[in-house]
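Here the structure of chain A is known, so what remains is to put chain B in place on it, guided by the hints.
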Amino acid sequence: MTIHASRRDVLKRGGALVVSFSFAGASGETFAQGAKPLAITEVDSFLAIDARGVVTVYSGKVDLGTGVATALPQIVADELDVPLNRIKLVQGDTALTPDQGTTWGSLSIQVGGMQLRNAAATARAALLEEAAKRLSAKTEDLRVVDGVVSAGGKRVSYGELIGGKSFALKLDHAKPAAGKDPKDYKVVGKPVPRVDIPDKVTGRFIYMQDFRVPGMLHGRVVRPPAIGATLESVDEASIKNVAGVVKVVRQGNFLGVVAESEWGAIKAAQRLKASWSKSQMLPDAAKLWDEVRATKVVKDEVTSNVGNTAEAVSQAGAKTLNATYDFAIHTHGSIGPSCAVAEFKDGKLTSWSASQATHNLRKQLATMFGIPADNVRCIYIEGSGCYGRNGHEDAAADAALLAKAVGRPVRVQWSRADEHGWDPKGPPTLVDLRAAMDGANVITAWESEFFIPQQTAGSFLVPLVAATLAGMPAADDIAPGNIFQNSAIPYKFANIKTICRRLASTPFRPSWIRTPGRMQNTYANECFVDELAAAANADPVEFRLKHLDPNDKRGIEVLNRAAALAKWDKRPSPRRDQRGEVATGRGVAYCKYELTRTYIAAVAEVEVKRSTGDIRVTKFYLAHDCGQIINPDGLRNQLDGNVIQTLSRTLIEELKYDRSAVTSLDWASYPILRFPQIPELVYDLIDRPNERPWGAGEPAAAVVPSAISNAVFDAIGVRLRSVPYTPDKVTAAMKGAA
Amino acid sequence: MAQRKSLNVNGKSVQITIDDPDMPLLYALRDNLALHGPRFGCGLEQCGACTVHVDGKAVRSCVTPLSSLTAQQKVVTLEGLGTPQRLHPVQRAFIEEQAVQCGYCINGMIMESAAFLARTKNPTEAQVKDALANNLCRCGTHARIVKAVMRAAGA
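In order, the protein sequences belong to chains A and B.
Numbering-wise, the working numbering puts 1494 at position 612 of the first sequence, and it's gapless, one number per residue.
Numbering-wise, the working numbering puts 307 at position 143 of the second sequence, and it's gapless, one number per residue.
Extracted from the complex, chain A is given alone in its bound form:
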């Protein structure tokens, strides 16, 4: 361990940002982009310990309302043997935190947490080595309690060993340092209460939407009434009676207002008269799926290919089954619309936002304004729940553009209509499936085609609305995320071919929403597997077990445990013993996330009203194996979110639009699930303390749509193949089946 005195200054400044947002206004003074180590290959990028022994954790992965601001420190607390209340967390600040990638894909614990664990284990080894020298003891004789190392009656604290100085140690995440034996964990695996909740229930928590800097003005955007419309004229006199308007900002097709007060900005944005050209770039919503099918395919990605499906299908005596599944366009729908603050000072931009990817946002803002990335600092401040790339980055670009125009810090708060109308959307997904079965009801072939938008190679930079509208430099990427995942299946049929037909375009600017692609693909696959089980007159759980890889013991266990949890009624679907108005049924679904990690199996119990087509999910059972559980209560909280949010998406949600723009601009036109519709939730958490931890923020969502569709089939013998399962669609499907 070497000592670098200059580190002290950096830590002092970093520390100020940790403990108080009041320093934020002095961003010019604390601007430290490039001053602190950020490489993920250095301990100092992740950890600092001050003279009082307070540990500061620098995390590129951020808490989006998921609880990782508690779980990540839990990991560090155990590895370093320091109490949780001596750990401070800095999240998502491009000047202070390493670029650990976007906070997405259920990777905050699995990747971010394990990088932190490696840093903490490496730091601990170095601290013990130094302590052994100071205490004239052997390292194996040292005890560490609450950050104090002792041996033979002598003691030295971490603060005394390293306080304010750098570790200057390298990390190799491919070969992580040996951490503690899991049996010695005191904090990991425990339901530690979340650190943020007391402040959140008493109004003390500072969300992005609460953040203010001195001298700040309020901005609002005025979006075009039609996607692709051109701004023809603006009548500034129309808002001359609104008090406190500072400026109307017009650049290309970008239009915004800046005012002294928030209410002044809102009124000015509402009243400002502008004329726009007509534009009708969107498809006829009633013919969306024809449009998707007619879109040019730019690439076929074969995601699995076993044997020869074509031969198997043409085999004499083979019975074939076909089905097409579709999944609607969804909006993110955070309860708090996107918000950001930006300040330009001396050619440098500081951006505060709730972006899940501040390092990427920094690159995008630098491109947009044509300035070096070193002159941009993006700082994460937790906002309303974020379930993927929503409007936060766009609000950040809006704020930056307006701040530059007025030369003062500007806060932009999107309206509800801005959020529903202009956040990027989860793209429409269409899936064709075919299977062949021989005379003995053995599945001989499985073929599938997923019609999904292309993903610009290596780029996950969703274009910024403000840059596009203002005609400023922007990457012209299409970035729906890794939506090919889980198009291949976990089942062992003799012949399998799964293809993603990547489309040149999709009606709305796409991005990822919780469980992107994995949800849609698992829905189609797990419903179609259920169709095959029914065609083979087999019990749906047994049918799956029969076709899972017998060596994949964890998959088999999770499915068996879900069935046991739900007291699964073993028989083929559908039930044929019900005649009444309300039919009940149970459905199963299984997923091995991305075929490489977290295992989930679900059983849904539903009631279907035959006269109205209303579906009520009464109970939802989940068996979940994400390896080592860091915080079981946090995990349960995340599972609630996965299930309930996806129930909402599955039963209700669908973006509405006309030929010009989104028309579902509020909660009346884009309803989500309400309290009376919540099912009873029952979980079996499979903890494997000696395995590596995997993600849990997304995987359970993947099995929800198929478990419900399969349960409805069990209840009424009708297969639902179009999300959302609205009463109209259920009724139509019943008529079609009759």
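Hints may be right or wrong, so weigh each one.
Stated by the list, open to error - Straight-line Cα separation of at most 25 Å, DSS-like style, residue types lysine-lysine; simulated pairs:
1. A:Lys1501 with A:Lys1611
2. A:Lys1501 with B:Lys293
3. B:Lys311 with A:Lys1072
4. B:Lys176 with B:Lys238
What the hints assert, rightly or not - Residues from chain A shown here face chain B by an in silico Cβ test under 8 Å; the list is partial:
5. Arg1298
6. Asp1522
7. Arg1556
Hints listed in this document are in silico derivations from the structure and should not be mistaken for laboratory results.
We treat Cβ as the ideally placed atom computed from N, Cα and C, and that holds for glycine.
Chain B alone, transformed into the frame defined by chain A:
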């Protein structure tokens, strides 16, 4: 156009300076008085994130014009309901049940529930769900919120 407006917020008389007497209460609380409990969610009384109590009743501050309020009416926000040192039973129950994900809607959940429990003793779960039917949560915290309200009801 600037004018003074008197309000009673969290037990104190306050005077604020406003440009528009019809400005919704939400912006007075957040921007003039720097309170963070009430939150902007929709501005359309559709989601409940902005809920405060006016004379004990849960109201949507995003559509409550200041002109409709007198200086005597008692406005209470999440900050006034209870503090970290003196938690309201509903706040305590939300902590005990860990009934928060992002927490953006939680102001509305707590304010609505506190007003509901003040007029409904020993509610059933179904009654709690109905009472919160116009409060939206996107994270999917509903099940824990119901448990927290039931816990507070029994406290």
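Original post:
Holds or violated: Lys1501 of chain A with Lys293 of chain B, Cα cutoff 25 Å?
Top reply: Holds. Lys1501 of chain A to Lys293 of chain B sits at ~16 Å (cutoff 25 Å).
**OP:** Have a go at the Asp1522 of chain A hint: is there a Cβ in chain B nearer than 8 Å to its own Cβ?
**Re:** Holds. Min distance 5 Å.
Subject >> Arg1556 of chain A as chain B interface residue, shortest Cβ-Cβ below 8 Å >> reply: 5 Å, holds
Subject >> Holds or violated: Lys1501 of chain A to Lys1611 of chain A, with C-alpha atoms at most 25 Å apart >> reply: 22 Å, holds
Subject >> Hinted pair Lys311 of chain B and Lys1072 of chain A, Cα distance within 25 Å >> reply: 21 Å, holds
Subject >> Cut-off 8 Å, beta-carbon criterion: hint that Arg1298 of chain A touches chain B >> reply: Given a least distance of 4 Å, the restraint on Arg1298 of chain A holds.
**OP:** Sort out whether Lys238 of chain B lies within 25 Å of Lys176 of chain B, counting only the CA atoms.
**Re:** Given pair Lys176 of chain B, Lys238 of chain B holds - Cα atoms ~9 Å apart, limit 25 Å.
Checked against the numbered hints above, the structure breaks none of them.
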